[in-house]
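Enquirer: Just need the whole structure built from these sequences, with the hints factored in.
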Amino acid sequence: MKKFTSVSDVENLQEIIKKALQIKENPLSESEKGKGKTIGLVFLNSSLRTRLSSQIAAQNLGLNVLTLNAAQEAWNLEFADGAVMNGDTVEHIKDAIEVLNQYCDIIAVRCFAGMKSKEDDVNESILSQFEQHAKVPVISLESATRHPLQSLADCITIKENWQENRKPKVVLTWAPHIKPIAHAVGNSFAEWMQEMDVDLVITNPEGYDLDKNFTKNVKVIHDQDEALKDADFIYVKNWSSFDDYAAMPEVKENWMLTNEKLKNTNQAKVMHCLPVRRNVELSDEVMDGENSIIYQQAKNRIFSAQAVFSEILDELNS
Amino acid sequence: MKKFTSVSDVENLQEIIKKALQIKENPLSESEKGKGKTIGLVFLNSSLRTRLSSQIAAQNLGLNVLTLNAAQEAWNLEFADGAVMNGDTVEHIKDAIEVLNQYCDIIAVRCFAGMKSKEDDVNESILSQFEQHAKVPVISLESATRHPLQSLADCITIKENWQENRKPKVVLTWAPHIKPIAHAVGNSFAEWMQEMDVDLVITNPEGYDLDKNFTKNVKVIHDQDEALKDADFIYVKNWSSFDDYAAMPEVKENWMLTNEKLKNTNQAKVMHCLPVRRNVELSDEVMDGENSIIYQQAKNRIFSAQAVFSEILDELNS
Amino acid sequence: MKKFTSVSDVENLQEIIKKALQIKENPLSESEKGKGKTIGLVFLNSSLRTRLSSQIAAQNLGLNVLTLNAAQEAWNLEFADGAVMNGDTVEHIKDAIEVLNQYCDIIAVRCFAGMKSKEDDVNESILSQFEQHAKVPVISLESATRHPLQSLADCITIKENWQENRKPKVVLTWAPHIKPIAHAVGNSFAEWMQEMDVDLVITNPEGYDLDKNFTKNVKVIHDQDEALKDADFIYVKNWSSFDDYAAMPEVKENWMLTNEKLKNTNQAKVMHCLPVRRNVELSDEVMDGENSIIYQQAKNRIFSAQAVFSEILDELNS
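Protein chains in written order, with our numbering: chain A, -10 to 307; chain B, -10 to 307; chain C, -10 to 307.
By construction, these hints were calculated from the structure, which means they are not laboratory data.
Among the hints, erroneous ones may be present.
Stated by the list, open to error - Here are the simulated PhoX-like pairs of lysine-lysine, each with C-alpha atoms no more than 25 Å apart in a straight line:
hint: 1; chain 1: B; residue 1: K83; chain 2: A; residue 2: K168
hint: 2; chain 1: C; residue 1: K252; chain 2: C; residue 2: K218
hint: 3; chain 1: C; residue 1: K13; chain 2: A; residue 2: K24
hint: 4; chain 1: A; residue 1: K148; chain 2: A; residue 2: K124
Claimed, not checked - Have a look at the derived ranges for each label pair, beta carbon to beta carbon:
hint: 5; chain 1: C; residue 1: G25; chain 2: A; residue 2: Q61; range: 28 to 34 Å
hint: 6; chain 1: A; residue 1: G76; chain 2: B; residue 2: F68; range: 36 to 42 Å
hint: 7; chain 1: A; residue 1: D212; chain 2: B; residue 2: N306; range: 20 to 26 Å
hint: 8; chain 1: B; residue 1: N150; chain 2: C; residue 2: Q61; range: 31 to 37 Å
hint: 9; chain 1: C; residue 1: S307; chain 2: B; residue 2: N150; range: 30 to 36 Å
Said to hold, decoys possible - Some chain A residues well away from chain B (every beta-carbon gap over 10 Å; in silico):
hint: 10; residue: Q11
hint: 11; residue: A69
hint: 12; residue: P169
Ideal Cβ positions, reconstructed from N, Cα and C, are used throughout, including at glycine.
Expert: Here is the structure:
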């Protein structure tokens, strides 16, 4: 694997899921693989799970880890090409990347959508600079439009929770929120599920359809009850409008996931990438109930990251 | 040891002091004991000594260390049970703890008193959630009402500095400050000293008596001069009113510890947990004088933490 | 080497450059040298290159690394001797240093000029407290008046890029900026270049002459074009006025380095310590052009740090 920023960087999805599950069985089986190599974890945004799971995964592989909270610990970054830097920005992202090239064997970066310019976000204005200027493999720790390490963990979690001899019905359901939230997790989940042997349905209110480039031929249903019927897995996630970018069109029905809504499902397992706003996105009873596999999902972030780092190291060592 | 949040978690105080002193002699004697295990150090508040000494102690034991400055690096936490999270808080502490359960073999947390609600603080509104939801051993790096790793370091330091064949007189003296400060260090010191073979006296102005649950039968004297007489050890620390919670009733006498006040003592050794406000809590001449064993006390924070981590690992490895 | 805060701490400059280049060939050649020892990296200011290169260098030597963002993670520091600490400051720098003495075998500190009091900055009001109170070797990660790890990296980089049998002409040129910037990099480069076998010229506008204590007998030319003529190396850096401390006297000519200005040079290599304000200090075309050795310079920060840490360890182990 040469880089990891979307599902298209994965050669064989079933193989990497299998590898991740082997790592879960024995996390220290490749504890020397990263010896003498350095991974830089660059955070332009907050992180709990991604931060800790990436650090654990790297340590399990014997990698040196450099963690940088770029905004707080280093310099205010300029992202515009050709900028005359006579304002608040102190260092151009290009130069920061070129320096990371000198210091790291792998660069991993978290760069959320700004939610101001649709064009900037759709074009991955920050991640694209890493892809362009990095001379070492780049790993996304969530970018403007995708969160692939989360999606791989989601695949692993579904794999672990599905033994039946038929395709599970997987429903990605929009959930309420109080602020305009990015589309990355929703997009990415849609994209990865289309590579899995599942029946994917997306449900969201009118005005909240995701970017068609990610959902392609996936069925989108605007009636949550209808969509949840017979679901085997429900993935709960908020996002703001894509068409009217970052807007929050009024929603009249209550889209919060509750135990009541689980009744029509096939005892669906409930998933969420976390952090979750309890009693807004889903109820306490769902979060703390036996249908939730949310913490298992969080744990699998370690093995998702470790499988990816391991495949990147294969490339570097080859 | 299954957890470490107060003196009652210690089975045998003299044994753990002895162990800490052995570690001080040879800090790397158990350098493989934590191999393949991970300790999460979660800071909800500032820290210098606790941060660094815990990191050193963990490294000396071969533990992987994850340090998280929760507020700045991760998400704004919700602490209220059943909250409808439609405000500023992004992640419930319960969920953060459940995720830490997935990532860590030991969780250590610093969660100061909020100093707003007496009830919340007395009930350890944050630490109690860790004790309730953590599925791995929990270590307090100072909570609302106690600072046990500090108190153990204090015990070690007194042990090192007392060879005489009689009980030392130990005086915990209130000191001036400009802000309402928590009771944790005072409470904890009182609690631990009652388990040590010492004569403990507490002195503070009227209105500043500590919570009786921590001081029990300890003599409290409101005249500092009288209390300090013949002291062998003086522990200097400010706290705000407990009865009139977090208030700062006027104090007319000057309670700052000075060399003049040391004259009536038995060449008392002076202790303080740091950070200290010089020339407010105690004078420069005391801080920099030969009676101070304050930096030795700071050093012993390493061995206090390491002895505790080591006993927790014994439990995990058994 | 007993400490490293200026070029005068280096016994033999050519030897340490040679050592750094050997380390560059084989960074893990002394991977056990620091085993069981701890270096504390204390940041009172922002850092990208210094932070990461110091961490890498320390890891390459097997040192334990403690990184402390003092202001954000620990306590607000008091720097004034004898202060009555009844204001915003919570811990005296003296006490923080004494605690670091207990925890670290080496203390490295970044403490920029405050740019408010010339006297404080010239007297190194912060670094001097480390030099006075530290009981272990002190390394400067940039102080008020010097940036020696940068200067050593600069020497290494010039060495790598000069094979001719004559002294290179090295020009330190002032560059425009929008804020009053410290003199440390300029001072330090001047000081170190005087120990190298080069012809050093400094060029800056009237009113921007550096402190004579650093530039001594170096030729200072106020006409940039004249200074750059036949240059083999150009070091670009802004600084504010030293005489009228931290002022920014008006400059009429355009001092930004451009390709046009490189024409009169001997195909000069361009250097900068980074971060750089593109199209203010130098143009995009220079930064991204083939004359720039700026990223190589950034990489050499690792080997500069590692050579210094290694020599300090020699002293500790002797």
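Enquirer: Broken hints, numbered, in rising order?
Expert: Those not satisfied are hints 4, 7.
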